[in-house]
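Asks: In case you want the letters, here they are:
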Amino acid sequence: MSNNKNEKVLEIKDVHAKIGNKEILKGLSLDLEPGKVHAIMGPNGAGKSTLSKTIVGHYDVEMSGGDIIYKGKSIKDWEPEERALEGIFLSFQHPVEIPGVNNAYFLRTAVNAKRKHEGKEELNAAEFLREMKKYLELLGMKSDMISRSLNEGFSGGEKKRNEILQMMMLEPDVIILDEIDSGLDIDALRAVSEGINRMKDGKRSFLVITHYSRILDYIEPDYIHVLKDGKVIKTAGPELVAQLEEHGYDAIEE
Amino acid sequence: MTLTINNLKKKSKDEIAQMLGLTDDLPPSKEAALERLAELGIPTKKSEEYRYFDVESLLDKSYEVHLHVPKEPKIGEKIVIENGVIIEVPKGMRVYYDQCDALDLTHYDPIYYLSHLLAPHVIKIDLDGDAEVELVHRYTHSGALLPYRIVLFNQENRHATVYETFETEEISESLILYGYDMHIAKDSTLRLIKTQSMDENRYAMISSNRIKVNDHANAIIKTFDLGGDHALQLLKVDLGTYSHIDAGHLLYLNHQAKRGTVSKINHIGEHSTSQQEAKNILDGNARGIFDALIKVEHSAKWTKAHQNSKAILLHEDAYMAAKPQLEIYIDELEASHGATTGQLDRKQIFYLQSRGISYVEARKMLVIAFANTLIETVKDTRHQERIQKAFEKAFYAGHKELKR
Ligand SMILES: Nc1ncnc2c1ncn2[C@@H]1O[C@H](COP(=O)(O)OP(=O)(O)O)[C@@H](O)[C@H]1O
Ligand SMILES: [Mg+2]
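In the order they appear, the protein sequences are chains A and B. Okay, so the first sequence: first residue is 2 according to my numbering, each after it adds one. Okay, so the second sequence: first residue is 45 according to my numbering, each after it adds one.
This is chain B alone, in the form it adopts within the complex (with noise of 0.2 angstroms):
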């Protein structure tokens, strides 16, 4: 089936459903979601949270729906995911294909309804005790649309972390809708740091998301995007009480790249901290996206949000995209926010060359040295060096043809 999602645009319900091939009986989940589908439309250039991204021309295309046929998956050392089907699992792990039960129903992004319905079904991965595990995703289809969604739990009173990167082959003009269902268990914490390196033309993606942060846990989610092309990852974020989420995102943008960060966290429970903190390095023609809101509802007393964007252009044609916000329904709390865009400072370059060090090399250290507070809260020594090695790789890459 080829499908352009534009063609969803100001359609009721009943005729989306038919558009998507999407027989009567529907369990409850999907009815729901096609409920709010219809509801919120297809996002344009005018929806609020796809403001900055090209979100059009992306849902103008024709594609190729992939749907994926689940096979058994082998035994390995990470669970791997390509084009949708879970083909290497880690011994003894739980991640199996399950209905997803659990939507939320109050969610802004009309794409996270749209990939629910697309998927067939969802991706369930149970992470027992204080996992860490290696999540690969990864793409060989050209042209293809792929939806496809994880739902994520993890266990009271433990500490689990994934780390997540995606892995491409030469393929060209497709799009992924992604994202988590994510269930973060009572006095837990789950770390998801991720790292998605893209080359220009490959795919796009939009990363729909949802975490619940329940009462006594904390949430820790780093992401690393790095190099070109379109992709956009909106993030929706439920405080329980005494809960606490910290959010940090790395952008290094080449090309006409435009990607980033679209969040809105909701303090819902009393006592419930965020700290949210971007930093981006821009390149090229490339353009960064950092639109975040943090809403303190009336219930939230007591609590501490903080939220900071600091961006660096490398190039006159790169532009940042920030945007800030906290909507606060109570003076019970401490927050903050604020976002900076400057350029690499001259002297500081100079002063390396001056000692023998290239004007790319000075430029690269000055640029790590920007990232290496975001790079370096990844305390794993090897993912550290890892995300640093894609970040040098990216950078480089946009360094080509680098004129002075």
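Excised from the complex, chain A in its bound form (with noise of 0.2 angstroms):
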């Protein structure tokens, strides 16, 4: 732990952000430390998810205003790809099913890809797998996730548990997790909590976005910035939760 309090790995900077013609994130401010977990916390539709498409460069949200820093360079205007392979990863709320496009061959394309970009030598088909098996094994996820399509008819718990899966071969340094305990059974929420848990090594960081506490049992959060009506109107550590859970979001003030 560093004492430096300069030292931010995102910087998120009076963001204004558009889906469509509406206004959603309106002056947005939020830093992310290295080694740290970040709970976003906020009512439905207080624009959680629109603050992890900002932070992607998802194509539905427009920055109108604003910047973010990553590592100290303005990233607003990378591509989507680029954002990821310097580091940023997402783990959808709603993971997409693409038919056709097998899960080990995605994985393998996205994974040699970000060596690729970092110069080291790709991975081969059966290095990549042995890699992936173990994974697979640590989630207690199925080995025919190895052959079936990407997320095609994937239940809920296997969408997500495929998420954690990519986060963890990718090895990003921001994880930015929007509602992934949404719709977990228990075993689910465990696994997926102990793959996120295992990578945290001090140097990376979290924002892990949720309406509902419960994930915060199982990995605990630093800090806790509750998000209302597109801005975050309150940072404070993890006692702020169980204030959170008594009261609600509306006894919140700034």
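Derived by calculation from the structure, the hints in this document are not laboratory data. Treat the hints with care, as some may be off.
Stated by the list, open to error - Here are the simulated lysine-lysine pairs, BS3-like style, with alpha carbons at most 30 angstroms apart:
1) A/Lys-72 - A/Lys-9
2) B/Lys-53 - B/Lys-90
3) B/Lys-391 - A/Lys-27
4) A/Lys-204 - A/Lys-135
5) A/Lys-121 - B/Lys-437
6) A/Lys-14 - A/Lys-204
7) B/Lys-391 - A/Lys-77
8) A/Lys-160 - B/Lys-230
9) A/Lys-160 - B/Lys-354
10) B/Lys-230 - B/Lys-168
11) B/Lys-391 - A/Lys-143
12) A/Lys-23 - B/Lys-391
The two chains are supplied separately, each in an independent frame; assemble them into the complex guided by the hints.
Replies: Dropping the structure here:
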């Protein structure tokens, strides 16, 4: 842990963002520190998913003001794949199904794209499969995940585990988890949390988006940020969770 | 001799014969071809089967008619036909020049007859046993009109496969009139796997085919048409009793390409079945064609006919002309047909990009996922990989200047 208050891996500075003609983020600021778990909580429709989409450069979102600084560089004009290659990962609230694209082939392409970007040797099919099997086991996933099409016909839990599998294999530096806990039974929640906790290495940062505190029993947050009406209205330590549970979001004052 | 095919328009049988330099003592098959050509007339943009294809501008050019001079082929691994001349034949395989003695007198395509008239002879291929053969076509002349035809026979109770590909040197402005007369023997299977990658502005092709599927026989026709330029394959398929055709057509077109399939599948025998699937991926200014009629005759009770076309447009200027049609004269049958056109799913592209896969690569993965259901029907892994590579090559060529 560093005492340097200026040490930030991601700085979201007064971001205004629109979807269609509707302004969703209205001057949102937030800093992520390396090695820390930041939880974002807020009611449905507050703009939590929009924030995650803005960070990864989703086409739905038009940034109309502010800046996003990642490792000291403005990334607001970067392509989504550049952000990913540089180490930003989003676990989607609703991962899309892609029939006909084999899950293992997809993930190997992604892993090798990143390795190539980092100047590392690409993994051949056999090397990759060995790795993938290791993680499948760890996450309690069936081995047919290798041969199935990407997310096609996956249950809600399988989709979320598959997101975590990708996260683990891509080894990102900033990990955004959008409602990773929604629709998970207790076993899946445990497996997913275990995967996330394994990724904690003192350097990686996590942005855990949830409107429900359950996941925070498993992944201990360092900071809680409350997002309401397109802005972060409060930042505090983990003690805020209990307060939110008791009094709800409406009781929070800026 | 030079020839502008459009000059044969609205001419009588005798005039056509004279203009093509055909002497009086023609063999009966050529006489018949002449008669049919005069009857059908040279295709125009108003001809139904050519309505989506720029046939007039192709036929309006003057070409040097390139007539093949037979020479002794060498023994090799494949059948190689260069400019209509057999130059390589696998050992023991029966590939030879002959007269065409079994012309289809009810073909709908005038170019079928014209190519028969212009070709001095046909190339006969007798497939013995469970043959598996590669057939390579090669073109080396510019500004040429090259007419040649293949007559193909297989044997009863046998399962033969032909893998067909096309090569070219750096030629331009040639027109190839080509096609099969295919006679698929009783109780046999013939598989034809055709891959045709074309660059822009090398040659155009009208390939006019007749496929006779005899009783209890199977025709498996898979065509992979990739790249640019102008080419139309016209199929006429006649199905006997308990016969079956499984036709699959993959189109990946870019640039200014206009290519595709015009087909008429005639169910003549009882219990005949047909399945035809077209998958079309169109980029740039390309136009894809799938103009396909399935006709079920009175005699063809208890048939099954299924036909489907799906297209993905990768560019706003791309266009798919899909016209699946059923013409049915009985009601004891099972039939379906349909056509859809759409775009790649942005959400899917984004998902792949968000994992570090580039925009072009993401599109390629999705396009291949779409195409793969057809490519994977080629069971032989070596040929499957070859087709996949050809596909990727055409895809990347079309994406060189891709802007998002
Ligand atoms: N694609 C979209 N088109 C139109 N409105 C959207 C779209 N996505 C989100 N919104 C709107 O933006 C607001 C914030 O949504 P979202 O960021 O998904 O909230 P949260 O994740 O906090 O529940 C909501 O009012 C929602 O209706
Ligand atoms: Mg959300």
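Asks: Are the hints correct? Go through all of them and say.
Replies: Quick rundown of the hints versus the structure:
Simply put, A/Lys-72 and A/Lys-9 have alpha-carbon atoms about 7 angstroms apart, close enough for the 30 angstroms limit, and the pair holds. With a C-alpha separation of about 13 angstroms, the suggested pairing of B/Lys-53 with B/Lys-90 holds against the 30 angstroms cut-off. For the hint pairing B/Lys-391 with A/Lys-27, the CA-to-CA distance comes to about 25 angstroms; that is within 30 angstroms, so the pair holds. Simply put, A/Lys-204 and A/Lys-135 have alpha-carbon atoms about 23 angstroms apart, close enough for the 30 angstroms limit, and the pair holds.
Under the criterion of a C-alpha separation no larger than 30 angstroms, the hint pairing A/Lys-121 with B/Lys-437 is consistent with the structure, at around 26 angstroms. The suggested pairing of A/Lys-14 with A/Lys-204 holds, with an alpha-carbon distance near 22 angstroms, which does not exceed 30 angstroms. Note on B/Lys-391 and A/Lys-77: the hinted pairing holds, with a Cα-Cα distance of about 20 angstroms set against a maximum of 30 angstroms. Restraint check: the Cα-Cα separation between A/Lys-160 and B/Lys-230 comes to about 51 angstroms, which exceeds 30 angstroms; the hinted pair is violated.
For the given pair, A/Lys-160 sits about 28 angstroms from B/Lys-354 by alpha-carbon distance, which is consistent with the 30 angstroms threshold. For the suggested pair B/Lys-230 and B/Lys-168, the alpha carbons sit about 19 angstroms apart, so the restraint of at most 30 angstroms is met. A hinted pair counts as satisfied when its Cα atoms are at most 30 angstroms apart, and B/Lys-391 with A/Lys-143 qualifies at roughly 26 angstroms. A hinted pair counts as satisfied when its Cα atoms are at most 30 angstroms apart, and A/Lys-23 with B/Lys-391 qualifies at roughly 20 angstroms.
Checked against the numbered hints listed earlier, the structure breaks hint 8 alone; every other hint is satisfied.
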